[in-house]
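Could you build the full structure based on these sequences and the hints that come with them?
Chains as they are written, first to last, in the numbering used here: chain S, 409 to 616; chain U, 409 to 616.
Check each hint, because a few of them may be wrong.
It does not matter which identical chain is meant; a pair holds if it fits inside one copy or across any two.
In silico lysine-lysine, DSS-like type, Cα no more than 25 angstroms apart, as pairs [claimed, not checked]:
(1) Lys-560 x Lys-580
(2) Lys-560 x Lys-578
(3) Lys-580 x Lys-472
(4) Lys-429 x Lys-553
(5) Lys-462 x Lys-496
Rather than coming from a laboratory, the hints here were simulated on the basis of the structure.
2 protein chains.
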Amino acid sequence: MSDKTKQDEPKVDAIIGAAQKRFAHYGLSKTTMTEIASDIGMGKASLYYYFPDKETLFEAVIIKEQTIFLEEMHTMLASGIEASTQLKKYVKMRSLLFTKYANLANLRSDSTDNSKPICARAMEGFRNKEIELVMTMLQNGITAKEFKRINKQEYSELLVNLLLGLRLVKMKYKEASTKFDVTDYEDLAKEGLKVVNMLVREIQTENA
Amino acid sequence: MSDKTKQDEPKVDAIIGAAQKRFAHYGLSKTTMTEIASDIGMGKASLYYYFPDKETLFEAVIIKEQTIFLEEMHTMLASGIEASTQLKKYVKMRSLLFTKYANLANLRSDSTDNSKPICARAMEGFRNKEIELVMTMLQNGITAKEFKRINKQEYSELLVNLLLGLRLVKMKYKEASTKFDVTDYEDLAKEGLKVVNMLVREIQTENA
Chain S
409 MSDKTKQDEP KVDAIIGAAQ KRFAHYGLSK TTMTEIASDI GMGKASLYYY
459 FPDKETLFEA VIIKEQTIFL EEMHTMLASG IEASTQLKKY VKMRSLLFTK
509 YANLANLRSD STDNSKPICA RAMEGFRNKE IELVMTMLQN GITAKEFKRI
559 NKQEYSELLV NLLLGLRLVK MKYKEASTKF DVTDYEDLAK EGLKVVNMLV
609 REIQTENA
Chain U
409 MSDKTKQDEP KVDAIIGAAQ KRFAHYGLSK TTMTEIASDI GMGKASLYYY
459 FPDKETLFEA VIIKEQTIFL EEMHTMLASG IEASTQLKKY VKMRSLLFTK
509 YANLANLRSD STDNSKPICA RAMEGFRNKE IELVMTMLQN GITAKEFKRI
559 NKQEYSELLV NLLLGLRLVK MKYKEASTKF DVTDYEDLAK EGLKVVNMLV
609 REIQTENA
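Written out as structure tokens, the structure is:
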């Protein structure tokens, strides 16, 4: 998409919007490019002009959902609240994220789609961005002398792995085809918050 | 097996031992009852007298591996060391367990076999036993006034979910067919230990 001009943006947005709904409802495998094109009254050839294949379009959808979350997070980070509160908000917003964005949420639960390299890449990419995000929060805390001078990389990876792990455990104990419901997300938010509280207690300075 | 007499025990042990090796090497799906019978020079009919099907035999193998671990854990619990040390030893022994017992370790990584109800039941059963075990350690700590009067059930589930979650995350980022190596287990033990340290800091009393 990088070589397309700026005036193509509304079209690209319309495609991504339609694809987002289709993928959310039917998953990657069961959605066709023809359906997406017809949803917005566009010819199939035009659609392929913007996105060479379904996987590239799916990746664009995932990146859109991730970007909105990351932007919300950066707004929160810039608000000047203390680092321990940032971490807690992150966990809450993260569990909300998966209720709002079906494609991000399904990324790890639909095993057929998960075998695709595109999903593995999207998962890995998002995980890395989350780790960076947590590192920023930890650095904020260290700068403000709220946190000890801990190994940021190590603790960020640990926190992101723990939060992701809690989701994976919950998936394991659900029927393969069942999606998460509100209670599941509330449970996850609660467990995640406990983890953050433990982490904060571990890393905060005496005077924090 | 419950209605078989005590003099059958050596035979049953031999069957389980042979099955343990076969399953560890080839997995549940790719092992046949004929191979197990032939490994110990037993007729197929005799094998079926002790175990009505392969799944029942696999369950017996899993229960054997779990039992050895749980016995080691109970010996450790009875040794009178302080509760926080018990928790740390549990995490270390748990990661060792998966290097020693291939069938328990593969239970969650072989997706073909995992679809079988027997695996789900074995996983769930072991998880519940681990939760009970952690509850005992937490109770030991509370009795010794080493830990606060926390909700044991809640914290036990959290710790077991976090440890299991760390393994699942690691599996996600491995090639589907690759088994864990020594470094993976060392990483897991290290991460698990960090989690226990955070937990202990959270729940210990002022005078502990």
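Point to revise | 25 angstroms Cα threshold - placement of Lys-578 relative to Lys-560 | key: between (27 angstroms within a copy, 20 angstroms between copies)
Review point. Which holds for Lys-462 with Lys-496 at a C-alpha limit of 25 angstroms: within a copy, between copies, both or neither?
Key: neither (36 angstroms within a copy, 48 angstroms between copies)
Review point. Under a CA distance limit of 25 angstroms, which applies to Lys-560 and Lys-580: within one copy, between copies, both, or neither?
Key: So Lys-560 and Lys-580 pass the 25 angstroms test across copies only (23 angstroms; inside, 30 angstroms).
Point to revise | Status of Lys-553 relative to Lys-429 across identical chains (alpha carbons, at most 25 angstroms) | key: For Lys-429 and Lys-553, the Cα distance exceeds 25 angstroms both inside one copy (45 angstroms) and across copies (55 angstroms).
Point to revise | Copy assignment of Lys-580 with Lys-472, given that the CA separation must stay at most 25 angstroms | key: between (28 angstroms within a copy, 23 angstroms between copies)
Hints 4 and 5 from the earlier list are contradicted by this structure; the remaining hints agree with it.
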